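S.K.: Protein chains in written order, with our numbering: chain U, 255 to 726; chain P, 326 to 507.
In short, the hints are calculated from the structure, not lab data.
Keep in mind it's a predicted model, so treat the numbers as computed, not measured.
A portion of the hints provided could be inaccurate.
As the list claims (entries may be wrong) - Below 16 Å or equal to it, Euclidean Cα-Cα: the simulated EDC-like pairs (lysine to aspartate or glutamate) are:
1. P/Lys382 with P/Asp352
2. U/Lys581 with P/Glu470
3. P/Lys390 with P/Glu336
4. U/Lys269 with U/Glu478
5. U/Lys581 with P/Glu471
6. U/Lys366 with U/Asp491
7. U/Lys581 with P/Asp472
8. P/Lys390 with P/Glu350
9. P/Lys382 with P/Asp362
To be verified - Cβ-to-Cβ under 10 Å is the rule here; a few derived chain P residues that face chain U:
10. Glu350
11. Tyr376
12. Val411
13. Ile483
14. Glu500
Said to hold, decoys possible - Listed below are several chain U residues computed to face chain P (Cβ distance under 8 Å; list not exhaustive):
15. Ala556
16. Thr557
17. His573
18. Leu575
19. Leu578
20. Arg590
21. Leu598
22. Thr599
23. Arg615
24. Ala619
25. Pro656
Glycine is no exception: its CB is placed at the ideal position from the N, C-alpha and C atoms.
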Amino acid sequence: MNYNFETASAVETAKAVKSGSVSASSVVESALDRIAGADSVLNCFTAVTRERALAEAKRIDNAVSRGESLGPLAGVPFAVKNLLDIEGLPTLAGSALRAQAAPAAADATSVKALSRAGAVLVGALNMDEFAYGFTTENHHYGVTRNPHDVSRVAGGSSGGSAAAVAAALVPVTLGSDTNGSIRVPSAFCGIFGLKPTYGRVSRAGAFPFVTSFDHIGPFARSVEDLATVFDALQGFDPTDPVCTNRPPEFCYPELIKGADGLRIAMAGGYFASQGRPEVFEAVWAVAKALNTGRVIDIPAAATARAAAFVITASEGGNHHLADLRSKAELFDPLVRSRLLAGALTPAAWVSFAQRFRSWFRSQMADVFKDVDVILAPATPSGALKIGQKTMTLDGKEVASRPNIGIFTQPISFVGLPVVTVPMHLPGQMPLGVQLIGAPYTEAKLLRTARELEMKGVAAAPIARGFQSQSQG
Amino acid sequence: MEINNAAAVAELTALHATYERALIENDIPTLESMFWDSSLAIRYGATENLYGIEEIKAFRRNRPKVDLARQILRLEITTFGQSHGVINLDFTRKIGAETRQGRQTQLWVKWANGWKIVSAHVSYIFEKASYVDAAAEKIGLPIREEDRHDVEEEMKRISSIAQVMLEFPLEQNSEAAPRFQP
Numbered sequence: 255m256n257y258n259f260e261t262a263s264a265v266e267t268a269k270a271v272k273s274g275s276v277s278a279s280s281v282v283e284s285a286l287d288r289i290a291g292a293d294s295v296l297n298c299f300t301a302v303t304r305e306r307a308l309a310e311a312k313r314i315d316n317a318v319s320r321g322e323s324l325g326p327l328a329g330v331p332f333a334v335k336n337l338l339d340i341e342g343l344p345t346l347a348g349s350a351l352r353a354q355a356a357p358a359a360a361d362a363t364s365v366k367a368l369s370r371a372g373a374v375l376v377g378a379l380n381m382d383e384f385a386y387g388f389t390t391e392n393h394h395y396g397v398t399r400n401p402h403d404v405s406r407v408a409g410g411s412s413g414g415s416a417a418a419v420a421a422a423l424v425p426v427t428l429g430s431d432t433n434g435s436i437r438v439p440s441a442f443c444g445i446f447g448l449k450p451t452y453g454r455v456s457r458a459g460a461f462p463f464v465t466s467f468d469h470i471g472p473f474a475r476s477v478e479d480l481a482t483v484f485d486a487l488q489g490f491d492p493t494d495p496v497c498t499n500r501p502p503e504f505c506y507p508e509l510i511k512g513a514d515g516l517r518i519a520m521a522g523g524y525f526a527s528q529g530r531p532e533v534f535e536a537v538w539a540v541a542k543a544l545n546t547g548r549v550i551d552i553p554a555a556a557t558a559r560a561a562a563f564v565i566t567a568s569e570g571g572n573h574h575l576a577d578l579r580s581k582a583e584l585f586d587p588l589v590r591s592r593l594l595a596g597a598l599t600p601a602a603w604v605s606f607a608q609r610f611r612s613w614f615r616s617q618m619a620d621v622f623k624d625v626d627v628i629l630a631p632a633t634p635s636g637a638l639k640i641g642q643k644t645m646t647l648d649g650k651e652v653a654s655r656p657n658i659g660i661f662t663q664p665i666s667f668v669g670l671p672v673v674t675v676p677m678h679l680p681g682q683m684p685l686g687v688q689l690i691g692a693p694y695t696e697a698k699l700l701r702t703a704r705e706l707e708m709k710g711v712a713a714a715p716i717a718r719g720f721q722s723q724s725q726g
Numbered sequence: 326m327e328i329n330n331a332a333a334v335a336e337l338t339a340l341h342a343t344y345e346r347a348l349i350e351n352d353i354p355t356l357e358s359m360f361w362d363s364s365l366a367i368r369y370g371a372t373e374n375l376y377g378i379e380e381i382k383a384f385r386r387n388r389p390k391v392d393l394a395r396q397i398l399r400l401e402i403t404t405f406g407q408s409h410g411v412i413n414l415d416f417t418r419k420i421g422a423e424t425r426q427g428r429q430t431q432l433w434v435k436w437a438n439g440w441k442i443v444s445a446h447v448s449y450i451f452e453k454a455s456y457v458d459a460a461a462e463k464i465g466l467p468i469r470e471e472d473r474h475d476v477e478e479e480m481k482r483i484s485s486i487a488q489v490m491l492e493f494p495l496e497q498n499s500e501a502a503p504r505f506q507p
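All chains should be modelled from the sequences, with the hints used to inform the complete structure.
M.R.: So, in structure tokens, the structure goes:
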């Protein structure tokens, strides 16, 4: 047997478990050991569900020994951003305010979906408070460190989800993306991330941030794993009011097609400025590998970003108004003033933003009439240093935290699906390139990502930078 | 009746200077001696209504002794006959980091023991509350003093980003995306 507990993909693990060549219990124990060894440095986990994980693994091993048929993620350890409900634990959503919340009565729909596919939950992952941030520098639960360079942030708000995968503590995780919170940490940590079409994956049991834009999606180190998890997550859920009733369209079987026949172009204008030179080089490298030099314009992208910002401030602030009135002092200082100001956003701006949103949606529908996949940078730079307040873009020094999401915000604003593919250029922190598609075309994006992976252009090697800092 | 008799104006001008110095130095005996020693004396302050000399004295003695300095922008003294006059002035006063604009009116009567203030009124011009203050009050959201600066800064950021959005020539009849399904 040639099974490597650390490097095995989710798909390889499920095959090995189902064939009986490795036990789910040993896979889960190995993941728990890696978490115990690394997490004092990385700080990805806010809870480890050891007993539950070992019990579930044992059930899977018993099922294997009885010859029962098992799901596509049998025995695969996974962990989820701590805004997803885990039965028996308070759903922190990165907040100290919620530490005393009643334990969740049931798992979130997305957690249940992966468990049904055979995956084994091993814990909950750190995030920015209430998902309002791009760095996972959490005042209450500490900063999640980038496994490639522990002096840098992992990105956010799903920082724990990305760092845990990059460091191979688990092969797959779940996070959420409202304005870039899957795509930014995927880019900073150098892994694959999928923000599905708005409403395609149930958000039931996820603590809301901005319900107009909230999405749940997976992180992985391979496209096969990303597609397998996404396929398990698909399906109508009547308890999420925006969940689509379209039948699932499974992507894993489509991967073999690669990018064949897909019309691919780079986003110009807004998406080709305000970034460090290396992020545009990464986009060109992807375009070259896909044999395209085509550049298209996404109209009024700056307006889309602004409108996303306004709706985020307003909905986010309103969601927390009761706690802001009575216990503002308990919020993270990086989040508090933004929620307070957001709660006061004039209705005139919010209504305008919502009306602009439908205009922008129709414009994007026109754009996708003659293109299938649009390439754009995920972030304006690689991972920032912990505590870094400014960065230099186009020769101007700007505040770093509000600008990390400039390339992701216009896209989630209208719920388009995006796969972020990781690029590792020598001597640099990893970067991410967004593959953006029309609504419900996740399969085309995953096919393109697979093509880039097969060509060796996009890859997610296990981060080793943190290991000199870890014990064990 | 003689308006602005030179001697009367000179007397009130000198008394004004004395009063102003006593006010800034919080010289309570001098300030008290300049008011009419009567239960009919009245002083309306910026935040208090004082009826009778006893209430006026009690207020003086309990007043916080900070930021009393003020800069007079305009002074008008008018007398009516030998024994009646009015002093009006407008001023700015720094309270903490804030500069406030105020005005003061004093009615003076000359008795056997000299000129005394029989009635006075001080008020501040209300500056328009900031958007944050007004909106926070409207929705019942108290903003703690230590958060105020950051919230104002954040509102400026949202505002400048919203301006980018509002420049877009959106059709008047455009509708928000239909989300609500009855």
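S.K.: Which of the listed hints are broken here?
M.R.: 3, 10, 11, 12, 17, 24
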